[in-house]
Amino acid sequence: MTDTLLSAQNLAVFRGEHCLFSDLNFSIAAGEVLQLHGDNGSGKTSLIRALCTLLPIEQGEISWRGAALPAAREQYFSEMTYSGHSEAIKGDLSARENLSFTASLRGTAEASIEQALSRVGLQDRADLPCRFLSAGQRRRVTLARLQISVAVLWILDEPLTSLDVHGRALVEQMIASHASGGGAVIFTTHQPLSLDGCDVRSLELTC
Amino acid sequence: MFRWFHKLASLKNFYRLAEILLPWLAAICAILLVVGLYRGLFVAPTDYEQGESYRIIYVHVPAAWMSMFVYVVMAFCSAIFLVWKMKLADIVAEVSAPIGAAFTFLALSTGSLWGKPMWGTWWEWDARLTSELILLFLYIGYMALRSAFDNRRTAAKAAAVLALVGVVNIPIIHFSVEWWNTLHQPASITKFDKPSIHISMLIPLLMMAVGFKLFYIVNMLSRARSVILEREANTAWVTERVKENRL
Amino acid sequence: MLASFIALLKRDLTLAARRRGDWLNPLAFFVMVVTLFPLGVGPDGDLLREIAPGVIWVAALLATLLALDGLFRADYDDGSLEQLILSPQPWSVLVLAKVLAHWLITGLPLLCLSPLLAVVMQLPAKALPALLASLMLGTLTLSLIGAIGAALTVGLRRGGVLLALLVLPLFIPVLIFGSSSVIAASQGFAIEAQLSLLGALFMFALVLAPMAIAAALRISSE
Numbered sequence: 000m001t002d003t004l005l006s007a008q009n010l011a012v013f014r015g016e017h018c019l020f021s022d023l024n025f026s027i028a029a030g031e032v033l034q035l036h037g038d039n040g041s042g043k044t045s046l047i048r049a050l051c052t053l054l055p056i057e058q059g060e061i062s063w064r065g066a067a068l069p070a071a072r073e074q075y076f077s078e079m080t081y082s083g084h085s086e087a088i089k090g091d092l093s094a095r096e097n098l099s100f101t102a103s104l105r106g107t108a109e110a111s112i113e114q115a116l117s118r119v120g121l122q123d124r125a126d127l128p129c130r131f132l133s134a135g136q137r138r139r140v141t142l143a144r145l146q147i148s149v150a151v152l153w154i155l156d157e158p159l160t161s162l163d164v165h166g167r168a169l170v171e172q173m174i175a176s177h178a179s180g181g182g183a184v185i186f187t188t189h190q191p192l193s194l195d196g197c198d199v200r201s202l203e204l205t206c
Numbered sequence: 000m001f002r003w004f005h006k007l008a009s010l011k012n013f014y015r016l017a018e019i020l021l022p023w024l025a026a027i028c029a030i031l032l033v034v035g036l037y038r039g040l041f042v043a044p045t046d047y048e049q050g051e052s053y054r055i056i057y058v059h060v061p062a063a064w065m066s067m068f069v070y071v072v073m074a075f076c077s078a079i080f081l082v083w084k085m086k087l088a089d090i091v092a093e094v095s096a097p098i099g100a101a102f103t104f105l106a107l108s109t110g111s112l113w114g115k116p117m118w119g120t121w122w123e124w125d126a127r128l129t130s131e132l133i134l135l136f137l138y139i140g141y142m143a144l145r146s147a148f149d150n151r152r153t154a155a156k157a158a159a160v161l162a163l164v165g166v167v168n169i170p171i172i173h174f175s176v177e178w179w180n181t182l183h184q185p186a187s188i189t190k191f192d193k194p195s196i197h198i199s200m201l202i203p204l205l206m207m208a209v210g211f212k213l214f215y216i217v218n219m220l221s222r223a224r225s226v227i228l229e230r231e232a233n234t235a236w237v238t239e240r241v242k243e244n245r246l
Numbered sequence: 000m001l002a003s004f005i006a007l008l009k010r011d012l013t014l015a016a017r018r019r020g021d022w023l024n025p026l027a028f029f030v031m032v033v034t035l036f037p038l039g040v041g042p043d044g045d046l047l048r049e050i051a052p053g054v055i056w057v058a059a060l061l062a063t064l065l066a067l068d069g070l071f072r073a074d075y076d077d078g079s080l081e082q083l084i085l086s087p088q089p090w091s092v093l094v095l096a097k098v099l100a101h102w103l104i105t106g107l108p109l110l111c112l113s114p115l116l117a118v119v120m121q122l123p124a125k126a127l128p129a130l131l132a133s134l135m136l137g138t139l140t141l142s143l144i145g146a147i148g149a150a151l152t153v154g155l156r157r158g159g160v161l162l163a164l165l166v167l168p169l170f171i172p173v174l175i176f177g178s179s180s181v182i183a184a185s186q187g188f189a190i191e192a193q194l195s196l197l198g199a200l201f202m203f204a205l206v207l208a209p210m211a212i213a214a215a216l217r218i219s220s221e
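Residue numbers (numbering that gives the first Met the number 0), protein chains in the order written: chain A, 0 to 206; chain B, 0 to 246; chain C, 0 to 221.
Worth flagging that the hints you see were computed from the coordinates, not collected in a lab.
Glycine residues also receive a C-beta, built at the ideal position from the N, C-alpha and C atoms.
One thing to keep in mind: the hints can contain errors.
Listed next, with one range per pair, are the computed distances between beta-carbon atoms [what the hints assert, rightly or not]:
id	chain 1	residue 1	chain 2	residue 2	range
1	C	Asn24	A	Arg64	35 to 41 Å
2	C	Lys9	A	Asn24	16 to 22 Å
3	C	Leu103	A	Glu109	23 to 29 Å
4	B	Lys115	C	Lys9	58 to 64 Å
5	A	Ser21	B	Trp236	53 to 59 Å
6	A	His17	B	Pro116	39 to 45 Å
7	B	Trp122	C	Arg19	22 to 28 Å
8	A	Leu127	C	Glu191	52 to 58 Å
9	B	Glu239	A	Ser161	47 to 53 Å
Work the whole structure out from these sequences, hints included.
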């Protein structure tokens, strides 16, 4: 498949007055997995946030399905989902309530919530307020959220944070099945990930 | 890449342009202020109703005009900055705020000085003075917001949004204060709204008004030059100028 | 679009129901501030009656201000704000849902409590409809305008005092028309002018504020 989804041309991103990277070019097509590499402070998170249009780019262009981004935002947001450092989970709401809010924002059927909950192994804890969940369990809620967001492109910043061995296997599995189903994933991680049978490309960020 | 160079070039060009204009503008400004003040304070006839104390209008009225004018300039530049991301517009807005606040403060304090002989009190809740006071609050808020951010880019955008919100609100605030004032003290004398002003009083007033405007421009340009130097500190042209010792 | 508006509204109301301090505290503040005035100026009924409209209105304004700081704070801190920005729904509609939820949990209780304070402040009963109507329109407008300030300062560690500096000058027209309608009503005059001006301010804020809030939140989440 060579259906290009997201592409970046001559991208430059600043943090304050400091240039993190410039003249960055890449693209990602359906079925592809792109892993961002780089040392701490090399700008992985900034790049990810820039790809989400959360951080303004200093120079260059990001386009979604060929349309330049800030303008094509509406289309883009309906087809992408982002999971960042902060979990965006309300501690006072249960996992099910948190997910059902996401589902109504994205217009997903309620039925898929149960499915997603059991996929990440939280069906028994689904009605507990999330502040009683462990860090790893909360991370699993964000994985369930990916599942129900029915997006083509997943943008994940350190998805393995606080996950155990099974959690890591789950992430590997989810990424692989998303890519083989015609989706695309952009992610960063400091831990080795075995994505067998996936077309994993990597992008090295250097200062 | 071209756009990037273009942006740099325009700040550099502005710096050059300001350098050339500044001495001329400053000279004209000084002449206008000195002559205007002299004619206003010594030559213009005494007002038959207010006596000598009316002469404070030669400072008060231009300052009050400028206090509004500078805010509008700030808001205008903020809009340009938000729409076209023009750095120069942000710099002009940034350096204008303290000058505008100073004009507002001057208008307030001279108004209060004028109030002592006229109303017998240092502070009267007059509609215009109250509006001016609220304008000072708006300036203070703008400067406080801008200085609260660590990241200058975020600060610039947030301040620009605030300036636009402020400029939309100024007419509303003005109207509401006017309305409030007539409601509570219907018989109060409003200042300076005589239908006609004698030409010998008007000319120095206009000279002062133009002088104040030039004073703002001179001040704004020289402040903008400093900010440009600071922001462009790492560029080749600034380094070169520093080497040649001609800033 | 409507579904997401309602979903966000429902989420915020659920959160408020589970965390009562967030909205009960400003309410208690409102009552306490008003109580301070008789203690400060003396229990003289005529004086209290005279200053009651202004006192209740200023206290309502300060209570609104106090509650505003938390409007976007929690969503900003836990990353929900980014998720809302990135949702496929129109951003200003979601912003409006947040402001409405905020008004329902802070403005509306204030409104319900105000007759009690009117009694405490010796405000004549005939001024009560004016107090309720003006507070209704006024606090809605204050929430909308104040949300702009809250959105601009949400990324700052100590945004509270700054928020007050930014929004208090913008609150002045609402205060003027609001308290003057109560004064007019207590003196037996017509209040149509004040209420229609408050209504106009509300419509104006309703149209323009969501855009400014939406832009400010985007800037703050950079």
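The hints, checked one at a time:
no. : hint                              : in the structure
1   : Asn24(C) / Arg64(A): 35 to 41 Å   : violated, 48 Å
2   : Lys9(C) / Asn24(A): 16 to 22 Å    : violated, 44 Å
3   : Leu103(C) / Glu109(A): 23 to 29 Å : holds, 25 Å
4   : Lys115(B) / Lys9(C): 58 to 64 Å   : holds, 59 Å
5   : Ser21(A) / Trp236(B): 53 to 59 Å  : violated, 20 Å
6   : His17(A) / Pro116(B): 39 to 45 Å  : violated, 58 Å
7   : Trp122(B) / Arg19(C): 22 to 28 Å  : violated, 44 Å
8   : Leu127(A) / Glu191(C): 52 to 58 Å : holds, 54 Å
9   : Glu239(B) / Ser161(A): 47 to 53 Å : holds, 52 Å
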